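Peer 1: The lines below spell out each chain.
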Amino acid sequence: MQPESRTPVTLTDAGSGLTRAGMTTFHRELLIAFREKQDVINPLVFFLLIVSLFPLGISPETEFLREAGAGIIWVAALLAILLSLNMLFRNDYADGYLEQWVLSPQPLAMMVLVRVSAVWVASVVPLLLLVPLLGLMLHLPADRIGVLALTLLMGSPVLLLIGAIGAALTVSVRNSGMLLALLMTPFYVPVLIFGTGAVTAFGEGASITGHLAILGAMLVLTIVLAPFAIAAGLRMSVANG
Amino acid sequence: MWQWFHKLGSPKWFFGIAGRLIPWLGFGALMLLGVGIVWGLLFAPADYQQGDSYRIIFIHVPSAYLGQSLYVAMALAGAVGLIWRMKMADTFIAATAPVGAALTFVALFTGAVWGKPTWGTWWIWDARLTSMLLLFFLYLGVMALRRALEDPENRARASAILTLVGVVNIPIIKFSVEWWNTLHQPASIRMTEAPAMPASMWVPLLICAIGFHLLAGWLILMRMRNEILHRERRARWVRNWVLSQ
Amino acid sequence: MQFDSLQSLIAMNGYGAYVWSSYLVFLVVIAALVLGTRLQYRRIVLDQQRLARIETRKASERKTQNESGS
Amino acid sequence: MSTTLLEARQLYCERDDRVLFSGLDLSVGSGDIVRIAGPNGSGKTTLLRILAGLNLSFEGDLNWHGYPLHGQRDWYQANMLFLGHRAGITASLTPLENLRCWVDMRRPQREASLWEALADAGLEGYEDIPSAHLSAGQQRRVALARLYLSTEPVWLLDEAFTAIDQGAVKVLESLISSRAAQGGAVVLSTHHRLQLGECRVLELGGA
Chain A
1109 MQPESRTPVT LTDAGSGLTR AGMTTFHREL LIAFREKQDV INPLVFFLLI
1159 VSLFPLGISP ETEFLREAGA GIIWVAALLA ILLSLNMLFR NDYADGYLEQ
1209 WVLSPQPLAM MVLVRVSAVW VASVVPLLLL VPLLGLMLHL PADRIGVLAL
1259 TLLMGSPVLL LIGAIGAALT VSVRNSGMLL ALLMTPFYVP VLIFGTGAVT
1309 AFGEGASITG HLAILGAMLV LTIVLAPFAI AAGLRMSVAN G
Chain B
376 MWQWFHKLGS PKWFFGIAGR LIPWLGFGAL MLLGVGIVWG LLFAPADYQQ
426 GDSYRIIFIH VPSAYLGQSL YVAMALAGAV GLIWRMKMAD TFIAATAPVG
476 AALTFVALFT GAVWGKPTWG TWWIWDARLT SMLLLFFLYL GVMALRRALE
526 DPENRARASA ILTLVGVVNI PIIKFSVEWW NTLHQPASIR MTEAPAMPAS
576 MWVPLLICAI GFHLLAGWLI LMRMRNEILH RERRARWVRN WVLSQ
Chain C
85 MQFDSLQSLI AMNGYGAYVW SSYLVFLVVI AALVLGTRLQ YRRIVLDQQR
135 LARIETRKAS ERKTQNESGS
Chain D
63 MSTTLLEARQ LYCERDDRVL FSGLDLSVGS GDIVRIAGPN GSGKTTLLRI
113 LAGLNLSFEG DLNWHGYPLH GQRDWYQANM LFLGHRAGIT ASLTPLENLR
163 CWVDMRRPQR EASLWEALAD AGLEGYEDIP SAHLSAGQQR RVALARLYLS
213 TEPVWLLDEA FTAIDQGAVK VLESLISSRA AQGGAVVLST HHRLQLGECR
263 VLELGGA
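Chain order of the listed sequences is A, B, C and D. So that you can map any letter, position 219 of the first sequence is 1327 in this note's numbering, and since no number is skipped, the others follow by simple counting. So that you can map any letter, position 156 of the second sequence is 531 in this note's numbering, and since no number is skipped, the others follow by simple counting. So that you can map any letter, position 28 of the third sequence is 112 in this note's numbering, and since no number is skipped, the others follow by simple counting. So that you can map any letter, position 35 of the fourth sequence is 97 in this note's numbering, and since no number is skipped, the others follow by simple counting.
Please keep in mind that the hints were generated in silico from the structure rather than gathered at the bench. Please read these numbers as outputs of a predicted model, since none were measured by experiment. C-beta atoms are modelled at their ideal positions from N, C-alpha and C, and glycine is treated no differently. Do not rely on the hints blindly, as some may be mistaken.
What the hints assert, rightly or not - If you anchor each label on the Cβ, the simulated ranges turn out as follows:
id, chain 1, residue 1, chain 2, residue 2, range
1, C, 86, A, 1247, 55 to 61 Å
2, B, 402, C, 140, 35 to 41 Å
3, D, 192, A, 1124, 28 to 34 Å
4, C, 100, B, 395, 49 to 55 Å
5, B, 395, C, 86, 27 to 33 Å
6, C, 127, A, 1124, 52 to 58 Å
7, B, 423, A, 1160, 23 to 29 Å
8, B, 559, C, 100, 16 to 22 Å
9, A, 1229, C, 136, 46 to 52 Å
10, B, 558, A, 1261, 21 to 27 Å
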């Protein structure tokens, strides 16, 4: 056992090693997602489940499915993302790593953005890959599936970032699934409206640039503002451990 | 002005001021609401289009307006609480959330009931009613989050963050619901803005609106006093006050 | 006065049910709020009075013990 | 004269309506070791979390190198290591990955020194198995390995080594005293009877 610790005591100033820390967080998140496959598979199965319920519940005719298909897929994606939210911070809060992560010298808002984008890649992109399959299941024409996938591609980061605010606020609360859904639903409505609006507009042959512009605006607004709210929420949740 | 602002922060001083204000607010609310509602119900002329069903406006519009401005007030209190770490700000949020939720519910219910005679359905997905429904969820969210967090410090900071995020989203929600409504709603049954009202209609409405504000103020100040008594229960002045009751 | 008799006031040419139900709900909600606030107030005051009594009794017991003890 | 690294003045903290401490002053300079003592629930953890900048619900002020701490948060966190009750080890990652993630977030170091630190902490041969298969004591040793790698001058250890065996306690004592000798400062609370050189004791919960 080597008693003397080899490393000298050095006083450093902050603000160094941001990219390295970002890469580590991103890499770590993907690694955990790969190892804990269950957290990634659950939202996928949930997504598939919900979409296949609607034709059974309402009616399997092509005419209805074609008209309602986009809305069904959007609502199902929204709920699946809501489900994958507690994968974000809950495990790290339980084993104490969240404390260490909050106490790292890097600016927390940046780290949060990197972490949420890693979770987006790990658990939401698989959802998007499933969209064409589900679109065909709901008899959507190919070009409309393309527009649907595009709106989901722009809308899902907004859903995840806003949901992460709720996740950060409720990470210290036991079984907060329902609370999270209640907190976040009102904030999801605008994204849902413009997401499905774009697809229906495309169906009627109208131009969708307006909708995509607004979705893009929401995306940029959320990317800039949400990380600060998430960081504040995490600092609050970690305060007395 | 600054000195007054900081005095506002001390619970004991606020408790005294609120104590003196409450009877006036209560009496004023009773008077104004009494006059406004009686005038609106009995003396205001019937609307040539909607007949007497429009009389619901005298409680629908003020409660809808208050439901929204109380949420904005909570967000402001949240910001003050976060920036200046003022405990009284959280007392305000704790007191206002239920009042705001109740008024938003009243607005929702009266709006729906008003829709029945006018359009034959109990609930229409009209832009304003839908955004009021979402505002109601926002209130429920704040109250549920506050109940879920035991630690007072966490509860204060969490509800401040949530109300601030909420207030940023309220215009976005309203805009997108308005836009969504024009897309799906044939123009004919769009809930019209308050029609150009003759004086005999908007005067009672104004009186009711002021009455509602006093009513909300009365309720909120009372609830804040309760909150202060609970939070400062170990302080000497609270003990003396409680024993003197 | 728009209505000449009580019956016509209640009927309000057909809209009575909607108008009065709205005002009733408004009254019920406000009454619930006021009642809730009052009960909350009474509960807090009673709790603290009980607590204060317990503490004063305990303090007096401790005082008598000290006197008897010393 | 040792420069004062961390200084707390007139700290007051109240938790579920008990006053944990009020008017508490603490000045920690380089070379100091301070042990926070007191019965359970006397606010040891709360005080350490306040000093770490995690817990913000207190009155009084907290200075780092003479500057108010809340203004210097990133600078302070770059020079402070906090280990709490929970080891902060992710179960699905191996000890090596845990250590690498932790070090890369703070002050990246060579891969070889990671292996050395794990070996020093007595985890030879366990570097590559998922931490879930490690015992609680071994998971604590991964946290111990962090101390080997840490170049931070200030350590705040809040009962960080509950489940470790006698051998590891010896290692911990030497690490702490060598950190203080090299000009760092350690503030800790622990159940173990640690034979530390000259160590000031701050008694809590005396009232």
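Peer 1: Are the hints correct? Go through all of them and say.
Peer 2: Cross-check of the supplied hints:
Remark: the range hint 55 to 61 Å for residue 86 (chain C) to residue 1247 (chain A) is upheld by a beta-carbon distance near 58 Å. Range check, residue 402 (chain B) to residue 140 (chain C): about 37 Å between beta-carbon atoms, so the 35 to 41 Å window is met. For residue 192 (chain D) paired with residue 1124 (chain A), a C-beta distance near 31 Å keeps the hint of 28 to 34 Å intact. Checking the proposed 49 to 55 Å range against residue 100 (chain C) and residue 395 (chain B) shows it is violated: the Cβ atoms sit about 42 Å from each other.
Between residue 395 (chain B) and residue 86 (chain C) the C-beta distance comes to about 40 Å, which lies outside the given range of 27 to 33 Å. In this structure the supplied range 52 to 58 Å holds for residue 127 (chain C) paired with residue 1124 (chain A), their Cβ-Cβ distance being about 56 Å. Under the hint 23 to 29 Å, the C-beta atoms of residue 423 (chain B) and residue 1160 (chain A), about 53 Å apart, miss the expected range. One distance hint, 16 to 22 Å for the beta-carbon pair residue 559 (chain B) and residue 100 (chain C), is violated here, with the actual separation near 32 Å.
Taken as a hint, the range 46 to 52 Å is violated for the pair residue 1229 (chain A) and residue 136 (chain C), whose Cβ atoms sit roughly 60 Å apart. In this structure, residue 558 (chain B) and residue 1261 (chain A) meet the distance hint of 21 to 27 Å, their C-beta atoms being roughly 22 Å apart.
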